[in-house]
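*Asks:* Spelled out from the first residue to the last, the chains are:
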Amino acid sequence: MKLELRGITKKFGSLVANDHIDLTVEAGEIHCLLGENGAGKSTLMNVLYGLYRADEGEILLDDRLQHFEGPGDAMRAGIGMVHQHFMLIPVFTVAENVMLGHEQTRAGGLIDLAAARQKVREISDRFGFDVDPDALVDDLPVGVQQRVEIIKALSRDARVLVFDEPTAVLTPQETDELMAIMRQLKESGASIVFITHKLREVREVADRITVVRLGKVVGEAEPTATNAELASLMVGRAVELTVQKEEPTLGEEALEVEHLTVVDPIGQLVVNDVSFSVRRGEVLAVAGVQGNGQTELTEALVGLQSRVQGTITLDGQDLTRHSVRRILDAGVGFVPEDRTEDGLVGEFTVAENLMLDRSDGEPFVKAGNVQRGFLAEFARDKVAEFDVRTPGIETKAGRLSGGNQQKVVLARELSRDLNLLVAAQPTRGVDVGSIEFIHKRIIETRDAGVPVVVVSTELDEVTALADRIMVMYRGKVVGIVPGDTPREVLGLMMAGERPAPSGDAPTPEGAAA
Amino acid sequence: MTATSQHHATSSPAEHLDSTTVISWKAPISFAVVTALLAVLFLTTRHSGDAVFRLSAPRDLIQIPEIVLNGPVTTWTCVVLLTAITAAAAALVRAKRRVPLWVVVIFAVIGLVAFLTWAAAGARTPVIPLPGLLAGALSLSVPLIFGALCGVISERVGVINIAIEGQLLAGAFTSAVVASVIGQQWLGPIVGLFAAAISGVLVAFVLAAFSIKYFVDQVIVGVVLNVLVIGLTSFLFSQVLAPNAALLNSPPRLQRIPIPLLSEIPLIGPMFFRQTLIVYAMYVIIVLVYIGLFHTRWGLRLRSVGEHPQAADTVGINVARTRFWNVSLAGAIAGFGGAFFTLGAVGAFNKEMTAGAGFIALAAVIFGQWDPIRATLAALLFGFASNLQNTLSVIGSPVPSEFMLMLPYVVTILAVAGFVGKVRGPAAAGKPYIKS
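Residue numbers (UniProt numbering), protein chains in the order written: chain A, 1 to 513; chain B, 1 to 436.
Bear in mind the hints are in silico, worked out from the structure with no lab data behind them. All values derive from a computational prediction rather than experimental measurement. The beta carbon of each residue, even a glycine, is placed where N, CA and C say it ideally should be. Don't take every hint at face value.
Cβ-to-Cβ under 7 Å is the rule here; a few derived chain B residues that face chain A [as the list claims (entries may be wrong)]:
1) Thr20
2) Ile23
3) Ser24
4) Asp217
5) His308
6) Asp371
Selected chain A positions facing chain B (Cβ under 7 Å, derived; list incomplete) [to be verified]:
7) Pro71
8) Gly72
9) Met87
10) Ile89
11) Leu250
12) Gly475
13) Gly479
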């Protein structure tokens, strides 16, 4: 089915998320929509799917004008979507999720679970998925959950499939498998819109590429274009994709973590007997697919987890089970994974956010009074030093872009005397320009002799920053390897396979299709 | 009170994380506290007489002989048994195993027998009429069950309904007035029942409109609605109903309809099958809600909206509409149940006659883990606690009546806080779904 979007415009208040976007996707084509976070890709697709109403523009399927009042209409017209955040009910089974919204019923209005199971099996068999229709979605690994999303779309005979950032949660191997599935779908005549900001994937699978920046289409590209060309098109200027860094000057062992175990409320070992150490002047990158215990590990390091076993020592001082306050006072800087949840108070000003964790004494507070004058001076300094693009220090932090919010968090943490920096997902949802800056600052911190732990799910970031890489899988450490370990090996480790001593690279799957 | 212990399961390669058992000393400690309290009670106030448990009412077809228990012997035997169970529970926890539910139930039954024997042995008339106790317990549970079903439906669809109290009260008021005006043996009460359901829906409309359309905090709307309904009915009662009681507040009560054969089963027959139309309707509604929630399209969509409204939206389910109509349906159920106060039990409307039943129903929803059957059982437990208090004061037990009046609420608090542990409600309950 041929999809055509003409002049789609969508505004949120004064923000123009989509500005007269034109896009044509032919049947049997994988069309890549490439752009940074916040470029308006997801908004465009939500307009297509009927979740948002466009302010202007039209949608055509096989040259017929469509009017979507809601996702129901879009689905009936043959549009299916695999959402970035899966649209699955965790407490329902696979079959229940697949049939939801178009249930077949037996006599008396009872739902026909058998038919739904049959449908799941049928589609699974067609694409070689191994999905149990009766499994609870909550119990399935994310890769399988994504297949459930695909089955859900296919069970409604979708002819246009939209994949919204589908690889964010996958291991490199699962990503390869997904690429193979996309090719298979394309051969069956479906049109595929593939939304991503990862250049590597684009070049591997796309037939055509449309690049979006700040809500506008800025150009089309061929899959043969180089990474640098695509990146500069996406960002609007030449970008340095690699981080300049010298060999590390290693000091003594600073952070030592031994047999660290974190138990969640239902008794699962989300961090399972993890031991590692970081030396002064070294970056240890923790790699792994989202949800393999990295979040809990960083939270345990700063004292945010309650059920912790094992020991954490920093410069010989035991930090295990101490309060967050005492750990921060020991010189631990923490950039949390979710800056809007844990890193900032959106309703506070930039200046107030810069002193958030220093409200317990001088120089920011004297006799219970916030020293406004000192704070303003400090904030102006930091805003300049960290290149925070903000109208002023009295602007509410929630109004800044993701990259600038992250710079505020980083400025706050780096402006203390640090003995350890823990940065979780430091560049998630951050524009490419800010990524460069943040990476540079992390390396500078390392070079100042501070041990750094960086958690990232992006292999590019891991290899760019790391002196050593620790790979986590299901709460355990798969291995700790040198920073120049090839991506293929890291990919296998992220899927739980221990590195083979011979180091033979695996053949990428799905290349034949 | 919670500690962790580690035992490494052999990890299955793909699916699950290793896990450890989170052991909880909650059960043995609560057992020990209850046992100690009972022992202290029995030691300080000794009742040497016998306690008589009557198992049949005089007019029953099948008569079962009375059970006579000696006070001291029975109470102290029970204390010994309770101590043994406490020790066993402690041993289980030490061995890193859970204390199964049936142990808790046995503990509760033995504790109850000990307490009843002690209370009856010291009473003016040392007789516990079990049929009356149970039948009364069911009667007191009826509005709680209707309220709990209302709560289950509205929370499952994602709207926290604090206004159950108001809906029950509105139902009670409306049914009394409508049935009084129409009069007649059958027509009045039956029309009154429908009117009660409609009044419940009207209260629910306000809740739904404010919480779903205007995203007002659901708890606040609920509290305000309760106050509104209490105020409105109290005002109308004193200004309109009281002066014209004969015309407006003397509804014909629903008659009991004994079901042949079933009502003659000893003990439980009179309890379940010598009841009014409302109670029989309740049985049907419980079953319908259960099947509906878990086996029909209606229930699947309802639950999906309460768990993950955005996911429901993306498969073409209208979240606002689903919530609106199901909250209204829940209101109808609560309003219908409210009619039991006037048409089934008292026979006239009184100021604030629901007396917190709506809030106990809310506790039953949580204790029943948002499941209609379990919520019903929880409501029965609370109803039993209330009627135990009635029965004990009737037989003249030495327990101070103020203390006994607390009993249902103490049971509610203990049940919700103590034995529930961590239960998970519908994920999106209480959260408005705001589409941009």
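*Asks:* Taking the hints in turn, state whether each one holds.
*Replies:* Checked hints:
no.: 1; hint: Thr20; verdict: 5 Å, holds
no.: 2; hint: Ile23; verdict: 9 Å, violated
no.: 3; hint: Ser24; verdict: 11 Å, violated
no.: 4; hint: Asp217; verdict: 18 Å, violated
no.: 5; hint: His308; verdict: 5 Å, holds
no.: 6; hint: Asp371; verdict: 12 Å, violated
no.: 7; hint: Pro71; verdict: 5 Å, holds
no.: 8; hint: Gly72; verdict: 3 Å, holds
no.: 9; hint: Met87; verdict: 4 Å, holds
no.: 10; hint: Ile89; verdict: 5 Å, holds
no.: 11; hint: Leu250; verdict: 33 Å, violated
no.: 12; hint: Gly475; verdict: 6 Å, holds
no.: 13; hint: Gly479; verdict: 16 Å, violated
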